[in-house]
Structures are given as C-alpha cells and as structure tokens.
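Asks: These protein sequences, in sequence, are chains A and B. Each position in the first sequence, counted from 1, maps to that position plus 1264 in our numbering. Each position in the second sequence, counted from 1, maps to that position plus 8 in our numbering.
It is possible that some hints are incorrect.
[As the list claims (entries may be wrong)] With the C-beta cut set under 7 Å, the calculated list includes, among others, these residues of chain B facing chain A:
#, residue
1, Ala76
2, Gln78
3, Val81
Rather than coming from a laboratory, the hints here were simulated on the basis of the structure. Glycine included, every Cβ here is placed at the ideal spot set by N, Cα and C.
Read off the chains here:
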Amino acid sequence: MPKSILITGASKGIGAATAERFFYADNDITDLILLARESEEFEKLIGRFADDNPHGKRVFPHFIDLADRARIVGLMRDVMAEAGKVDILINNAGYTAPCALQQISFADFERTMGVNVYAPFTIVQELLHCGNTFELIVNIASTAGMSGRPGWLTYGASKAAVINMSEAIKEELSIYGTRVVCISPGRCATDLRRKLAPDEDPSTIMQPEHVASVIDMLASDVGHLVDSQNFVVRR
Amino acid sequence: MYSLMLLNGGIGNRVAAGRPKQFIEVAGRPIIVYSLVAADAVPEIDQIVLNYPEGFREEIEHLVADYAVQTPVTYVAAGASRHESVAAMLPECRNDRVLIHESARPLVGTADFKQLVADPRENVSLMLPIPFTVAPVDPDTALVTGSLERDRLRNVQLPQKFLKADLAEAHEQARDRRLVFTEDATLCAVTGHEVHFIDGQDTNIKVTTPTDVKLAGFLLGGDDDA
Ligand SMILES: NC(=O)c1ccc[n+]([C@@H]2O[C@H](COP(=O)([O-])OP(=O)(O)OC[C@H]3O[C@@H](n4cnc5c(N)ncnc54)[C@H](OP(=O)(O)O)[C@@H]3O)[C@@H](O)[C@H]2O)c1
C-alpha cells in the first residue's frame, strides 16, 4: 500500500535531510507533504525534487508559518484533500531565539511554544478530526528539553513539553495502533544549532543526515521494535 | 458485510453519576470510543447503528468525528428498554447480517469482531466458561434446590452475530409471548433459532460498577501516577 509522509520544517536542516532520504529511497512511501515558510532554500529543494524524481513520487509543498494556528487548521483540510491521508507524521519544525530570562519578550516565548508545541498538537488533532489515523508519529524534541540550561529557557521549556506531550499522545493513540516516538537529538549541525552555539565548528558534531537515518529506521520494520518514550540521538 | 448495533445501556446508574453512560470515562476516554474504534478497524463492518440518549445526539456525533471513526454511523434514539432499543435499531441495519455489541464492554478488540465474522455459522456469540461453582436456589425460602454442572453453563458475552431475519423474528416472538430477555443469544435460542458459541476473552468485562471502571482502566493499561 502506498503511504504518505508529512514533514514539518522541511526547508533545511534535519527536516530537509529527512525529506531527501524518503524522496530518493525506493520504498512504499510515495507521497511527501512538506511544510515550511517560503524561502530560497525551500524553493531550491522543491526544484531539485521536480527536476530529478527517480521513483515518480508525489511532492506536495506548502508554505506556512506554523505559529499561525488558524492556518494550520485550514491547511490540514487541504492536505487531506490532495493526499487523502497522512500515514507518517514527522513533527520536526523548531524555533528558538536564545535569551536570558530578564530579556525574554513574552511574545517570543509564545512564538516558541506556538511553533514547537501547539503546532504539532494542532496538526495531530486536526488530522484526526479529518478522519485520519496515523501509523507513526515522530516528534522531534531535544536533549535541551531534558534539563534546563541558562539562556535556553523558552526553547528548553517547549521541548520538555514536547517530550511529555509525546508520552500522552502515545498512550491516547494506542487505540488506533499508532506508534509514537519522541526523539531528542543532541548537537546537530544546522542553522538552529548555530543560533544556540555560534562559536562551535559544525563539522565536529552530528550531521542532519544522521538524524534523518534514525527517522528512516523508525519508519522501517525495525522501527516497530522501538518502544521508547524519549529516544536520544547523539554523536 | 455487517451492520454493528452498538447498544449503550447496561451501565449502572451509580457509575454514570447523572451523565449519560456513554460519556463515562475509562482511562481518559469516553467508554463508547473503545468499541467504535475497534469496530472501525474491521473492514467487514460497513455500518454502525448507534443509539443515543435523548438530547445527546450532537455530542455523540462530535465524539464519532473527533475520534476519526470512518465507518458510516446511523443514529437511533434509545428506547425505554433494551428490547425497544434493539427493535428500533434493527430496521435501520442495511445488511442481512448484524453484529451486536455494547459500549459497556470497552475491552473488546478488533480481533473479537473478526473472529465472529470469520465463523462460518450464522448466529454466534462469544461466551466464557464459568470458572466457579454456581448453585440453583429458591430465593424465597433461601434453600439450595440442587446442583448445576458448570461445564454445561456459559457466561454470555458480547459481541454476538445474527442473521437479521432470525433476530427480528425472535424479537417479534418475544413481544407476542411477553418474554423478557436481557440479551439476544438466549432469546434467539429459546425462540427456536440455532445459536452457537465460541470462547471469548476473560478480559472482555462488562463495566457496571465503579470498581469495574477502575478494573477496565487497569486492564487498558491506563492508570496514571499523578
Ligand atoms: N540542531 C540541533 O542541534 C538540534 C538538537 C535537538 C533538537 N533539534 C530540533 O530539530 C528540529 C529541526 O531543527 P534543525 O536543527 O534542523 O534546524 P533548522 O535547520 O534551523 O530547521 C528548522 C526548520 O523548522 C522550520 N521552522 C521554524 N520556524 C518555523 C515556522 N514558524 N513555521 C514553519 N516552519 C518553521 C524551518 O523552516 P523555515 O524555512 O520556515 O524557517 C526549518 O525547516 C527542531 O525541532 C529542533 O528543535 C535540533
């Protein structure tokens, strides 16, 4: 049976590496629904997929700001109309603007929670309300959600919420046989990491493709054997 | 193809505490959801006939949508008794073969429905052997009146399946002869239809008391620490 995968934050970093991995693989995942805001990077990725599509997969890109909850609700209806279903959901999009407590603007804290917590929640809930049940949901949290660190208050708190929310979703969606895995990557060479650790040499840490390979494993037959509340991925 | 009649009575009033019984929660979800979701995953069930308590149709419709139930649902107002409910629901069944289940049994699994569907016989009920001794008594005199062979007795469970025509005929007879039965396998058997049984699961308990709610939650792996 052909399957569909929805990846949020597919424009770059871990999300783009995951999209590429599933796009170029000769497997039963034939539809890719890719979400990010409009950007040159995202356009380029979509262009590459259009120019060279070795397995004739269908790609449905959507430009959306995931802080805009009302738009997510509408978009999920469009996604169901075009793809018919979402078997695999990768809640990957993430946002951070590291800042000391004294200087955090409340609007930014809300934005962090909106993109990192409310968006994945809304996507899951709306797709269920559209009659979609999932085979697999992978939520990308972070090791930063497992312990608090100075300057990362908003990001860490949002990722802690993702870890806890994933446990609840896992229990609640067990009635459909949905597998839910939360993964917490450690340091990974992406733009987001550069914001958190500007002085680090990206070539010395884990690459987005590494995390993508773990997500690929979770979607494979082996993934059925992984029953973890929070799966740490780290090099 | 089968129509599933999902009955919503049977839960004790103490459990429901003033709310319609379909909405009592087991392990964080309305009890009715478990049966709906289990039946939804059975391809041979292409219609669910659901009875709703007066005034709560909209709320039940919301539950069906919120929990992503895809099988078409036909809504029928609940009758005053189980007999009346079944009598009102049966004509709404589009298929010649019907399944009966009750939402008070949230531990039903897709496999239970599939087992019944796969059985080549027409009228079949899940039943359980009785692991304890039962005695016939006269409650008025408080006398034990004999003994019963438990090998020849079964604990009647749901789901069950019937030919729609057999079940309708049995209910007609019951009305004419003023027979009152609390379930349909024995009703069909007593009114002359061949009814078979297969072994069910002992986890498929009926939730009728607050203790049952806890037990069901435990069996569903739900109870939280905090
Ligand atoms: N890199 C690490 O060290 C690390 C460690 C642990 C966890 N993670 C997590 O991994 C996930 C992926 O991040 P990454 O490291 O790959 O970072 P990245 O390269 O910066 O990518 C982040 C992705 O999220 C999307 N996104 C951010 N804000 C958005 C918004 N408002 N609306 C729509 N999309 C939005 C971005 O799309 P746009 O094009 O719209 O910006 C981009 O595709 C995140 O959840 C992150 O928290 C990363």
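Asks: So, for every hint listed, does it hold in this structure?
Replies: Hint-by-hint comparison with the structure:
1. Ala76: holds (5 Å)
2. Gln78: Given a least distance of 5 Å, the restraint on Gln78(B) holds.
3. Val81: violated (12 Å)
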